[in-house]
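S.K.: Got chain C sorted already, so can you dock chain W onto it with the hints?
Okay, here's what each chain looks like letter by letter:
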Amino acid sequence: MTDMQAVDVLLVEDNQQDAELTIRSLKKHKLANNISVVEDGAEALDFIFCKGKYSERDIKHPPRVIFLDLKLPLVGGLEVLRAVKQDERTRSVPVVVVTSSREDPDVKAAYELGANSYVVKPVDFESFTEAIGKLGLYWLLINQPPK
Amino acid sequence: MNLRSRITLLFVLLAVVPVIIVGFLAVYTGRQSIEQVEINHLVSTNLMKSSELTRWIAGNQQRIEELAQRPLMVQNSATLATKETIDPAYDSARLSLEWDHLKPRVKPSSGFTEVSVIGPDSGIILASSDDRQEGKYYANQRFYIEGKTHTYTQGVFYSLPLQQTTMIVSTPIIDRQNNLVAVLAGRLELRDLSMIMSTQSGLRQTEKTYLVNKSNFFVTEPRSGEGYALKKTVRTNGVIAGLSGIDGVGFYEDYRNIPVIGAYKWLPEYNMCLITEVDQAEAYDRINAMTVTVVSIVTLLALIVVAAGFFLARTITRPLALLVEGSAEIGRGHLDQRVGTDARDEIGELSRAFDRMAMELKETTVSLDELERRIHERTAQLEAANRELEAFSYSVSHDLRAPLRAIDGYTRILLDDYEPLLDAEGKRICSVISGSAHKMSDLIDDLLAFSRLGRAALNPSKIDMEALAKTVYEELTTAQSRKRINFKIDSAPPAMGDPALLRQVWVNLISNAIKFSQHQKRAVIRVHAENIENEIVYSVKDNGVGFDMQYTNKLFGVFQRLHSVKEFEGNGVGLALVQRVINRHGGRVWAEGEVGKGATFYFTLPRQGVI
Numbered sequence: 001m002t003d004m005q006a007v008d009v010l011l012v013e014d015n016q017q018d019a020e021l022t023i024r025s026l027k028k029h030k031l032a033n034n035i036s037v038v039e040d041g042a043e044a045l046d047f048i049f050c051k052g053k054y055s056e057r058d059i060k061h062p063p064r065v066i067f068l069d070l071k072l073p074l075v076g077g078l079e080v081l082r083a084v085k086q087d088e089r090t091r092s093v094p095v096v097v098v099t100s101s102r103e104d105p106d107v108k109a110a111y112e113l114g115a116n117s118y119v120v121k122p123v124d125f126e127s128f129t130e131a132i133g134k135l136g137l138y139w140l141l142i143n144q145p146p147k
Numbered sequence: 001m002n003l004r005s006r007i008t009l010l011f012v013l014l015a016v017v018p019v020i021i022v023g024f025l026a027v028y029t030g031r032q033s034i035e036q037v038e039i040n041h042l043v044s045t046n047l048m049k050s051s052e053l054t055r056w057i058a059g060n061q062q063r064i065e066e067l068a069q070r071p072l073m074v075q076n077s078a079t080l081a082t083k084e085t086i087d088p089a090y091d092s093a094r095l096s097l098e099w100d101h102l103k104p105r106v107k108p109s110s111g112f113t114e115v116s117v118i119g120p121d122s123g124i125i126l127a128s129s130d131d132r133q134e135g136k137y138y139a140n141q142r143f144y145i146e147g148k149t150h151t152y153t154q155g156v157f158y159s160l161p162l163q164q165t166t167m168i169v170s171t172p173i174i175d176r177q178n179n180l181v182a183v184l185a186g187r188l189e190l191r192d193l194s195m196i197m198s199t200q201s202g203l204r205q206t207e208k209t210y211l212v213n214k215s216n217f218f219v220t221e222p223r224s225g226e227g228y229a230l231k232k233t234v235r236t237n238g239v240i241a242g243l244s245g246i247d248g249v250g251f252y253e254d255y256r257n258i259p260v261i262g263a264y265k266w267l268p269e270y271n272m273c274l275i276t277e278v279d280q281a282e283a284y285d286r287i288n289a290m291t292v293t294v295v296s297i298v299t300l301l302a303l304i305v306v307a308a309g310f311f312l313a314r315t316i317t318r319p320l321a322l323l324v325e326g327s328a329e330i331g332r333g334h335l336d337q338r339v340g341t342d343a344r345d346e347i348g349e350l351s352r353a354f355d356r357m358a359m360e361l362k363e364t365t366v367s368l369d370e371l372e373r374r375i376h377e378r379t380a381q382l383e384a385a386n387r388e389l390e391a392f393s394y395s396v397s398h399d400l401r402a403p404l405r406a407i408d409g410y411t412r413i414l415l416d417d418y419e420p421l422l423d424a425e426g427k428r429i430c431s432v433i434s435g436s437a438h439k440m441s442d443l444i445d446d447l448l449a450f451s452r453l454g455r456a457a458l459n460p461s462k463i464d465m466e467a468l469a470k471t472v473y474e475e476l477t478t479a480q481s482r483k484r485i486n487f488k489i490d491s492a493p494p495a496m497g498d499p500a501l502l503r504q505v506w507v508n509l510i511s512n513a514i515k516f517s518q519h520q521k522r523a524v525i526r527v528h529a530e531n532i533e534n535e536i537v538y539s540v541k542d543n544g545v546g547f548d549m550q551y552t553n554k555l556f557g558v559f560q561r562l563h564s565v566k567e568f569e570g571n572g573v574g575l576a577l578v579q580r581v582i583n584r585h586g587g588r589v590w591a592e593g594e595v596g597k598g599a600t601f602y603f604t605l606p607r608q609g610v611i
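Just so you know, the sequences run in chain order C and W. Counted from 1, the first sequence has number 61 at position 61 by our numbering; the numbering is strictly sequential. Counted from 1, the second sequence has number 134 at position 134 by our numbering; the numbering is strictly sequential.
With the rest of the complex left out, here is chain W:
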């Protein structure tokens, strides 16, 4: 995943996750509070409805009582209760009751469907707004028994005489002597109750309040239907709980099998349960609306954040991409490429640092180029010098020899052809001339050999130094001379080097040792070697004339000699040659000595590469 995607993703996570959490919490707590509000509303609706119910009943009781207290009601009822039916006063009283007092009570919106006067002893309806009811027997009815002494409301019950569910308010009719004259009973219009119950108290469309009696029958019509009241039973969780005498709230499915929130209240005085329900769908509608709002906000926010993150990532990665591109360009050698921006952030800083680097790199490269050019120049100069040197060597060897040959040749001719003319001194001079010419020739040869050493390429291989030293010693000595010399090799481990050149080293060192110990009765020469750190230190020690350590720096110079030719022959090239060879092998040379006590010559070779 590239940087831009990662930054964008990070932004989305940082912004959207908290919003989602907050949204979830908002929805959750919103749901909680809305439920609480809903429940409170339902409970208060129940309370309100129950008080309305009480008021409605109390109103009807009042009306019945008011009717019962009318003097004509008392008088006529007393007549009916005391007179025989055949008595004309009975009929007159009955008609008066029915037409003047009972029937006018039974009118639409009057609250009663039937008002009857029941005999105080018989329990038989003496007069009724409904003619068909006369003569019916109610003596064992509760409303009748209770109604003899006080105003009483019998909750919804199934009336056998009426063969229907009903609700009756009863009150005693009492004369001035405080004697019970009759019982006045009014059957309540249950549709009024339905009206009261179904009157909406809130804005909720699905809210409904209804009454259910002990037998699980609807007492009032639920809002969403007709023909339920007193005909259908209901056994929802709310109803079951309410009928068991509990007040409370619950979430359950109502009689339509639709999830609702319901509050139930048991009304013990009426043996009914008051239920107020609202569809969960509606109740949660606001929560759902809120959820939709929250989800929309989250989505919108996410989109904004993604866009912002994308652009921000772009502003971050764009300079980076430029930087990458620029660095690649610089990498291809275009050191004039510039990636710097004037941005004041870290990337701007980086880009400017990058430019500085490129600039310095360019300077360095330029100076490197310059250096390389100079190296080329120097190399060319050196090669030229080398060629010149070779030509010079050639000339030296060629042209210096010719005169020497002539000197020697003509001296010999002089000796041959003019011998009689030369005395002994003349002949000696001739031999000095000849000897000098030879000497000169040897010097030329040595000098050339020395100069050749400096130029020839090394051909390194593994060398058995012990065998080499031994061979060299044997070549330099005769059986005769070996008798006088005690030559011993302690150790000489193998080394990497050019065999021909290292052979030359041994030749020079061993021959020197032999030469400078030639005056000893018994010459002792020791070859020794040991590993010291990364080097092998070889040494050749003799018991010869030695040397004064203060001249040690002159030992390895070309043509430098510490002894006269008369004492020890030689031309002073040997040790210079040794030093040159060893230096070319990456080693060092030095010497220790004391006049009259011998000398030790050391040289080192790197151990690296020796297997």
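For reference, chain C alone in the conformation it holds in the complex:
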């Protein structure tokens, strides 16, 4: 198992600041051993299904949790979510939808497609750190994925 294969968190986030803050929050909670960041939906799909520049990856080792923003360039977050939940190989991967707004009309759609959580990113940094930390803690350590 290479480093490339052993991914704990896949962060799909086009906003680099948000990505940085997320990573920092995870690190702060000592949960940032293996974080991969992709900036758009297409790249996310390549990563998850081991295509394009990620073709060397093994699909048998999917990320342990995917943090997914809904507003993404190229391929939208909901499309990524659908692809993940429709494929048997990736269906069991927890997907946490992390978005900026509770106004989002896609909240309902996200749950219907099988999102495991839906989290609104707080503006307040401390709250944000706490939320991300709790999510990481839960999905990486507490949650027991199927063998």
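In case anyone wonders, no lab produced these hints; they're calculated from the structure. Some hints could be false.
As the list claims (entries may be wrong) - Below, simulated EDC-like cross-link-like pairs (lysine to aspartate or glutamate); rule was C-alpha separation at most 16 Å, straight line: (1) W:Lys439 / C:Asp124; (2) C:Lys28 / W:Asp417; (3) C:Lys27 / W:Asp417.
M.R.: Showing chain W alone in chain C's frame:
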């Protein structure tokens, strides 16, 4: 019954009823006048016949008198009266009388059936035109007794010697010395009387005149029969009345049992009754003919009127039917249908008015269609705008937050990672940056909440406003803060509304009241409500800082504030939100206040629908 039938019927009634009445009156008065004419005719016939009868008798009297005055008659009669029968002069005189004077008198149409010379003292017939009569005794007969002194006519009587009914004229035969020589008697030919009586005087076929004697015997033959005279009796009403000595007219059945109109006249000098009758059937024939004519005219008129009425009704109802048809067509939406005619009557007027109406209706409909189209257009525009607004809200909430999060996040990172490099002022600036970011985030949230209020559908239900206000107050305060506040609800009747939104109203008003009275030693907050006309007016009154009434119009504007943030925190959305919610419920909001003396905020809700 439809209009056409009714009009036709009306015409028939209007035309036929008067005609029937006039016809009836004509027949009735015609009958009356014809009866009168008939009666007059019968009476005059009676008069005429009676005078004819008198003339006939007078003529016969004259003839008898003339015979009696002949010198040979006088001479021979004197001979018979004075000489013995065995005297040859007697026979000679008798033969002379019989052959030269009496027999020639008895001829057809002479008027006499027998002429006899009766002895002046004996009353025995001395000589007669009828040999069989000689020697017969008449001394006690009236005509004989009367005939001795003057010319006399004995009316119809039953002669015992003759054994038959007869009528006799008698006159004395007198010599030059004025001595009665004999009595000359002539038996009248009653068939002549029948002739006189039956001679028709008018054009009436059934008219008849006859004489009836005291014993109810026919004296003359009635027209319609033979063998009545002197053989049959008659007892009709007319005869009975006539024989009782009355002159008059009557309607009765004659001897044949046929209804007649009869005039009867009593002739006292002859002891007879003169009857003239005409069959009612004939008399009324003219009336019946007139009735038939009238009925025919009425029938014909009725037919003409029915036909005319029918056609007239048709001319009236035909345009009406067209109008009905046309209006039905218009009713089905064919607004180009035209029913107008150029008729100059009221229906023509109506049809043209109808056309104008259809035309205006069409214009209105067209403009309605246009209006509807515009409404659709506007609705579509509004929906599009709404969608845009939602997308905008989403973008605002999504995209405006991300930079704020970065500002706050990186400021914190700065503070965390570079703390040794920052002095106190640097740290203060960092906290201002962070605070501003938070503030901005709150503003975004409020703005979004406000905009959400305008769009979300209302879910009205009955709300216990008192309980709601109380709950809100308790949520907004702590046990500690409640000690300082005198909060009281006078009354707050239930209302219909959206519970979540009205809750928001109470939150904003009560929290404002608490906020602006926070500097008072003892805060007093009153919730009050009363019914005014169709509304419930709720109010929240505090004894806080109040406001200047000249700024009252700014109170409910978005982001409008009358106090600095330093004085009282808040972002100016609360009252705008209250106004928006209340307006959406069909109510109004306003406020009263005075600087330093507190403020009262009012809102109304319609009472309608509250049970």
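S.K.: Assess, step by step, whether the Cα of C:Lys27 is no farther than 16 Å from the Cα of W:Asp417, and give holds or violated.
M.R.: holds, 14 Å
S.K.: Within 16 Å, alpha carbon to alpha carbon, are W:Lys439 and C:Asp124?
M.R.: Holds. W:Lys439 to C:Asp124 sits at ~10 Å (cutoff 16 Å).
S.K.: Given the hint that C:Lys28 pairs with W:Asp417, test it: the Cα-Cα distance must not exceed 16 Å.
M.R.: Cα-Cα ~12 Å, so holds.
Hint compliance for this structure: no hint is broken.
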